[in-house]
Each structure stands twice: as C-alpha cells, then as structure tokens.
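**Q** Could you put the whole structure together from the sequences, leaning on the hints where they help?
For the record, the sequence lines run as chains A and B.
Under my numbering, residues 1 to 94 are what the first sequence spells out, in order.
Under my numbering, residues 1001 to 1410 are what the second sequence spells out, in order.
This list has only true hints and no planted wrong ones.
The list that follows gives simulated cross-link-like pairs (lysine to any residue, SDA-like), each with its CA atoms no further than 25 Å apart: (1) LYS1303/B x ASN39/A; (2) LYS1303/B x PHE22/A; (3) LYS1168/B x ILE86/A; (4) LYS83/A x GLY1166/B; (5) LYS83/A x LYS1171/B; (6) LYS33/A x ALA1124/B; (7) LYS1168/B x GLN14/A; (8) LYS33/A x ASP1127/B; (9) LYS1171/B x ALA16/A; (10) LYS83/A x GLU1072/B; (11) LYS83/A x ALA1124/B; (12) LYS1303/B x PRO19/A; (13) LYS1168/B x VAL78/A; (14) LYS33/A x ARG1024/B; (15) LYS33/A x TYR1128/B; (16) LYS1065/B x GLN14/A; (17) LYS83/A x THR1100/B.
Bear in mind the hints are in silico, worked out from the structure with no lab data behind them.
Please read these numbers as outputs of a predicted model, since none were measured by experiment.
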Amino acid sequence: MTFDPDASWRLHHQVAVRPEPFGALLYHFGTRKLSFLKNRTIVEVVNSLSDHPDARSACRAAGIDDAQQAPYLHALDVLAQSKMLIREGTHDSA
Amino acid sequence: MTPLDSALAPVVQPVPRLVEQFERGLDAPICLTWELTYACNLACVHCLSSSGKRDPRELSTRQCKDIIDELERMQVFYVNIGGGEPTVRPDFWELVDYATAHHVGVKFSTNGVRITPEVAARLASSDYVDVQISLDGATAEVNDAVRGDGSFAMATRALENLAAAGFKDAKISVVVTRHNVDQLDEFAALAAQYGATLRITRLRPSGRGADVWDELHPTAEQQVQLYDWLVERGDRVLTGDSFFHLSGLGAPGALAGLNLCGAGRVVCLIDPVGDVYACPFAIHDRFLAGNVLSDSGFDDVWKNAPLFRELREPQSAGACSSCGHYDSCRGGCMAAKFFTGLPLDGPDPECVEGYGVRALERERLKPKPSGDHSRGTKQGPIPLVLTSKPPRPNVAAGAAPSRLCNESPV
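**A** What follows is the structure, given as structure tokens:
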C-alpha cells in the first residue's frame, strides 16, 4: 500500500530478528508485536535492506528476479505497516 | 493461555506449515512465563499457582540474573513475569531493569498493590516494560468476590496512576468466568477509560482454580456468547490465544490467533524455585520438565527435557480423531483436561460439541495438587460465595449484547 519498493528501507532499531529453521521470528520491543518470516530468502532480504539503495535491489541481491518479487514486496509491505521496517533516514518512533 | 499476544505477519508460505513448525517446537520459547514468587497479598479463589506464601527456596537475585543472561543468549524476546505478586519481591525492579538492559523485554502481571504514582512514572519512562493489571470483574462486586475485598479499588487505582503518569497501553487482564462474561463490553469501556487494552483469557482448573472451576467456568451458552463477542470485537482485544478450544464454533480462522497448544513447544513456565513446567497452567509433577539449578540451565531443559521432547512429537487425536472440528481445536487445552481428570487424548472439558460435558459426567479422578502455597490453614476447596450473587449487576444502558473478539497468534 504505502510501501515504496524503490525507496531505501531498514529495520526499526527496536526490532530483533531471531533465526529459526523455517525462517525467522521478528519482535518489535516498541509495539510488542511479533511477526514471522516464513522462509530464509525473505530473512536475507530483511537483514540486508540497509545495505541496498532500495528494496528491489535487496531482493535482486537475494536472488529474486523482478518477476518473482511480488510476494516478497507484499511481505515487506506488511512489515512496513507494522513499523517493523522504516524508511531510511526517518526517525525511529515506536 | 498461550501467553502469546501479537499481531501477524508476512505470508510467504501457507500458514499450516508454520503451525507444523511450532508443533515440533522451536530452539527457544517465543516468550515464557516466569513466576518470580509464590508470595501474594491477595488470595484469589482461582489462583492458577495456588499462591500465598513465599517458598523459602525462592531463587536469589543472582540466580534470577543468571537466568536472564541465558534468556538473552537464547534470544527469548520477552518474559511474562507473574507470581504470586511479583512486585512484592524486594529485588523486583532491579530484575526488571536487568532484563531490559539485557534485551529481554518484560511484561509483568500485578494486582496493582505497588503501582504508586512514583512507580507509574518510572514505568512510563521505559519502552521495554509492559504492565498487566489483573481484574476479574468490571465492578467491585463481581471482582472482589473472586479476588478479595478491596482488590477492585487497588487495581483501578493502579490504572489511574499509570494513566496519569502517561504510561501508554497498559493491559487489563481478565479471566473470563460465569459471573463476568456479561461484562465484556464494560471491561472494554473500562480499558478505553484508562487508555488501556483489554486482554481476556480462559479460566483454567489449575491451582486453586481446580476447586472453583465447576462453579466459575462459563456455561455452554456463555461460551457461544463469548465466541460471538470475540469474532465481532476481537481485533481490539488480546486473548493470549487462549480460546482455541472454541474455534470449532465458527469458520476456520474466524477466531484470530495461533490455534494450538504451545506447551513445551513455544511456551513454558519457570516457577519461583526454578522448576520448569510445560505451561503456566500446568504446575504439577506430571508436567515438570526439569529445574534450572539442578539440570544444566534453562537452555538444556528447554531443548532436552524428555517431557518437552514428548510434547513435540506428533500427538494422537485419540477419542477426538473422528470429530470434524479436530483440525480447529486440536483437542483443546492439555491442562484443562488434566486437572478435571479427563484423558489427555480426549475432548476438552469445554468442548463445543458437548463431548467434554459427557466425559465429565463419567467417573473420573482429579489429580491431587503437587504444591500449595496458600496462606492460612485451609486445606480443601475455598468456600465460594459467588453463586449466590446476582450474576449481573447493572449494565450500561443500551449496551449491546456481548459479542466477542479474539486476538492473535504469536
């Protein structure tokens, strides 16, 4: 919805990522919400967001072609809506 | 309850896979309940840990900090601290500060006794502490019959202090009973009044709850009423995913949350002496996995305890295998079955198909409690006056019939 895949994103500083066999668990200490990442590729994308100029590049770097990015961008959108991800350069507020 | 309150989540794979993952257990609990003390200033009739007196073997401050260090290493995101009344431990605030400094978030449950304006101000300044005030009636009459005289005033004073200090989003934690199930809208209004979130959970026949469950647990009609209220209002209300035994009352997924028993798989309990149990509602030798002191730490108990390994094996549906709702309720709550003397591979005592009611009518042997920390000399059931009370004090004019809500999963 409001997620811009051509923008630069990063994890909120109050979010912890715990690796799990199926992917990862994410916990936001500010909102106290828990989320799941349901495969390892999306974990790699999320963890590397801040190393890339935009979300699409992070997806490509994780081996996801542009044609296959839709479910991943959707997942990132869900994370952005729950404040797990924020735009690079914006202030972290819970 | 599965003590899992949360919102959900990016879906890249279908959800069933995740449930299967959870059933096999995780490398560390998502969150765990830690009863810091059995000491309590109250003597609630349904106390799941039969609290009252402090256990002389209670873990020391140093031992508690060692556990926190281990939780940090395991990346346990937060602990639900309870008791007893945890704030009566002299080192309570020291332990809260230690946990949050070590990236272990804290949510603690209290009856409000120590939530003074000064404490409220201090809590308001931390992002990593969440407070849950227990209240089992939206009126003093209904609440105090279960929690004791003056307990409603104590809890609401704590809520006032938190609101006045600017503490955001405290939780009001309600155990749903036969006598307060008609007050759900009033509880929601109370939460709104204090800028708090309502959290409702299931009454379990655990601890002293075993003695009063027959009189206090919602009737079959009330279970439906509760379910409807949750489905209608659930997006605003937390449930600890504790009502999954009702999920067969509607369409799959209508009741938000992770509908599975997380005992020993994604949750567990550490008690005041370091004993580790499969879930907060299962403080009994049958569900004792180990001890953090006598075994080699919590991580070892979590990963290797034979009981936990057993719980992570595929479970038999037993007597429920021919029931069409089994995929929804998974046979219900292990602790509820155990403490009412029902077989673990059969229906939940509050089974929506009525199989539990029939099972309860048969001969059964309720297990003896393994530990009782109640104060005074009471041995047997605590006399309960509730049933003679008018069940329903005046409800706000025009209040809609109760309907329900739910909440979420891990």
